[in-house]
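The listed protein sequences correspond, in order, to chains C and E. Once you know that position 199 of the first sequence is 199 in the working numbering, the rest is easy, because the numbers rise by one and skip nothing. Once you know that position 161 of the second sequence is 161 in the working numbering, the rest is easy, because the numbers rise by one and skip nothing.
These are computed hints drawn from the structure, not numbers from a lab. A portion of the hints provided could be inaccurate.
The calculated DMTMM-like cross-link candidates involving lysine to aspartate or glutamate, where the alpha carbons are at most 25 Å apart (straight line), are [as the list claims (entries may be wrong)]: (1) E:108 <-> C:143; (2) E:179 <-> C:102; (3) E:108 <-> C:188; (4) C:122 <-> E:136; (5) E:108 <-> C:186; (6) E:108 <-> E:224.
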Amino acid sequence: MDSAANLFSTGTLSQILVGLSRTTILFIVSSGMSLILGVLRIPNVAHGSLYMIGAFAAWSVIQLLGGGLFGFLAAMLVAPMIVAAVGFVLERGFFSYLYEREHLMLLLLTFSFALILGDLVKIVWGPEYRSVTVPAFFQGSAEIFGLPLPWYNLFLLVIGPCIAVFLWLVINRTNLGKIARAAAVDGEMVGAVGINTGWIFAFTFVLGSFLAGLGGALIAPMVNISLGMDHSLIMETFLIVIIGGLGNMWGALLGSLIFGLTQSLGILVWPQFGIAFPYLAVVAVLVVRPRGLLRSTW
Amino acid sequence: MRRSAAPLLVLLLLATFLALPQFLPRFHTYVAAIVLLTALLATSLNLAIGYTGLYQFGHAVFYGIGAYGTALTLTRSGMPAPVAFLVGPLAAAALSLAMGLICIRLSKLYFGMLQISLGSLVWAVVYRWYSFTGGDDGIHGIPLPDAIASPKGSYYFTFAVTALCVFAMYRIVRSPFGKVIQGIRDNPVRAAAIGVDVRLHQLASLVIAGFFGGVAGSLFVVVENSVFPDMMFWTFSLEVLIMCLLGGMYTFFGPLVGASVIVLLRVFASVHTQYWGLILGTTLTLVIIFLPDGVLGLFVRRSLPKEDPGA
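So that you can see chain E by itself, here it is in the shape it has in the complex (with noise of 0.2 Å):
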């Protein structure tokens, strides 16, 4: 019964957010494209630490280059913008793979704590190069085509890309290649004896990743019209990944909840305090305790006990 039910709920989804500008407010249409993109980069991380099995700790970065990729080439280059919005996340791509060569050598928690280090060596890069990068001011009123500049028309150009670039993450993780990374996940030794090169599948889930991330770097600039250097700081790698956490990393959709979630109750939250920390900490420390499996993998397990959840 849920399974003929779920395509009714996507297309109910599709449909709502389609017709969200329609009757929102300038700035909750703004909130809601925010929404999105980072629903984006939380599914992005999603593939490389619950379906890969990846300690993925440093995502940011990716998201963060896409955007600088794409303001820069806005910028400084001539080029026509398409250009721009591929520049940003091949070169979230081509950095997955230069960390991810580095990185994939070590086990686990080894491979999260270098990723985030080296992480934070772009963020210090970013940073301090002023004359390339604008430094900790970054780079605003970035030159956007007209056609995505106004907020309806940035809204459905990131509301376009996000469900193509959903949809397409979804079906890499129904494909061959996707079941070849969960079983890496479950049981890596397991798959490298049944003969899958372990460490391709591992980098190709990484760059994957590492370009969707870059794909909703590149979405920001759109929305935002501007970049900094604290879209690729470590606390937001972390903050993406509670994202996940908090909607249950080992369902598709699970990451997409935590996003909207975390992302409005920063919005409100900004609004009445200044201790987000707090808050999200704290909210943090609960789901950890009471939630392990996020909000849909609970939902999940039980209404589907039979099923596998990682499926």
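Looking at chain C on its own, in the form it has when it is part of the complex (with noise of 0.2 Å):
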């Protein structure tokens, strides 16, 4: 039982910093996800890939560019770009084809779309690990509340409210954003009224992507950048936009926070099977509230 003492020991505080700079990864992953099912209606199962292109890609940029800060934050910039033109692609050259199937058939699409990107990956960057470092600026700690917190946990920290925030901005005070959301209550409607809502479809699914891309981009110095780091982390988005509730940005950010800090905190409590702690909390969520706990678009 020395476990559950621990829940409240220094530990735990550190637990739960690691758990949110984990949830800014996982809440800008799904804000782009949540943003593509609330927008065009489909359940992007390649949303993953796009995540792992994105890592990759990073891993790509910094090795033409060196490891400095300068190589690192070019290819925090320059590989969400690279996956937000295969979004582009994606949308342009499949998917707006078929959104008036069945969702059922618009999944199975991303599904293999996912399935194809994965194996190019292989062809890409080869079956091998790759891994990135921190640049020299963000290494080592700061100090929060006498707790070692790595900078570059920090950096994520501040960088999470800012997408967050930035999301915003453009859903809600540009024209563009304001298009978009009239889109994901009634796409016809606003089609009639003369605005070409493939564009609209378009940039929306490249804003998802990008932000997929920035996800995989940000956690590159965090992880082995590996084939299949897609699979785990599609589950996961998908269970976060359910619970915040499909479509809402605000609730990718909560559903994105409850996620990481059960995760984080399961761990701490059974190390073991720390990985179903989350799913747990999905579950009391959605016995309460079926349809996730913000209102949904859909």
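Both chains come to you apart, so use the hints to assemble them.
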């Protein structure tokens, strides 16, 4: 029962901070998925692959430009843009022709692209593990409440809210965002007033892909970049958008918080099956609120 | 005319499968057995997705639990083998009921997404529980009764069970219960309005589908002699879904065709290339764009334009 006592120790606090930085990644990726789900109604299984491409592309950019601060920050910008380009091709080339189909078909179509992209990553980058080191600028730790927290985690904790504010501004304060929200409610009506919904959809998909790529690029220094890193993430992202309410941006934030924190605290309580705790939290949430915590756009 | 031809076709197919091991080499007999049990798996999924209209996205989990239930009973308890072959499917049915109770309140896509995610929790637990399930190594060298331990024995056992289960499912979809679940698929509101307990029928269909998925998993133990966690990974769930789609989701025998095609494709692809995902993904994309009703669905529609293909 010493694990229960641990819950109130300093270990808990540092675990919470680690959990929060993981939450940032989850939020960035799942907000992208939520955006695509909300506006385009595509349960994009290939979202995880886009995240994986982001991580591999970040590795390549850093190989090209060196591991200094400049190379690193450039990678954080260029890798998501590469992923956004991939997203653009996917949306304009394939998905846009099938919006009228059932969700089942769309889900399977995105799954087929998850398979194809997975193998393309294998062809382009090879099956080996890749790793990225944090640039010297971010090495070392800060002291938070007397606890060491790596600078990079702190950096993530700052990035997360910035992304949230940025997305909020794009969605609520720009014309494009307003049209996208309207299209989420009634795409046909938006088309009827003379707006080219096709390009709104493309923009949304590209923005969502950018976020997936950004999540992948940001997590690159923290994990082994490997094939299959998309597989577990996509399920977590699914759960996050479900408990948050499909298509709701703040729901994605709330869901990521619940997911990241229960995961990091769960590992403290029961190391072997810590992975199960977020799922239990999800079941608990859905028993109380079957349609997610916040209002879904569906 | 086709009505009288159908039973003949089925008999011919049964006779072919019965004769196969007599002249096929050992490896191909094994492949044929995998085709059979995968066909059973796909048909059981189709019960939930094609006939009840539930987005069962995590079906491989029931397959895996069926296999693990049987394998663990055979290796860890002293129970006789027939009990083990019941434990697997029953465990799958029980899990199906539990997951169904959680997911059933959600509509369509929500249901599917939650189910596939909960399924990946089951996978994660099996994957990490080294002391009980063997973790990512799985369980190998499972002791089987002598009668079904040989390649031919396991093939005939698989064949008999598959034929029996497919026949049972055929009867189920033709029964009044089958008509009710198809009614729910086509219009749940109307079904509820005429007094059908929609949730109860959906749950029953999920449990039946889970049970037969578990049977397929038990057969996997017989054929493969081992189990591993990847057989219940979510990508495999969607692969089974692809089999249904490829063959034709609103036909009874479509999933059998789809399963055979995918399994054979996989076997031959694995000889020549390591890029199975590329092949499967491309195939699926082409099917979705050009053959949304599946191979059999297209055939049924072409040959019988007036008959309801879901019947």
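| message | Run the distance test for residue 108 of chain E versus residue 143 of chain C: straight-line Cα separation, threshold 25 Å. | response | violated, 48 Å
Straight-line Cα separation of residue 108 of chain E and residue 188 of chain C no greater than 25 Å? holds, 22 Å
request  = Measure nothing beyond the straight line between the CA atoms of residue 122 of chain C and residue 136 of chain E; if it is 25 Å or shorter, mark the hint as holding.
outcome  = holds, 22 Å
Within 25 Å, alpha carbon to alpha carbon, are residue 108 of chain E and residue 224 of chain E?
Cα-Cα ~35 Å, so violated.
Pairwise hint evaluation, residue 102 of chain C against residue 179 of chain E, where the allowed Cα distance is 25 Å at most: Holds. Residue 179 of chain E to residue 102 of chain C sits at ~23 Å (cutoff 25 Å).
field: 25 Å limit on alpha-carbon distance, applied to hinted pair residue 108 of chain E and residue 186 of chain C
entry: Holds, because 19 Å separates the two Cα atoms, which is no more than 25 Å.
In summary, the structure is inconsistent with hints 1, 6 from the numbered list given earlier, while agreeing with the others.
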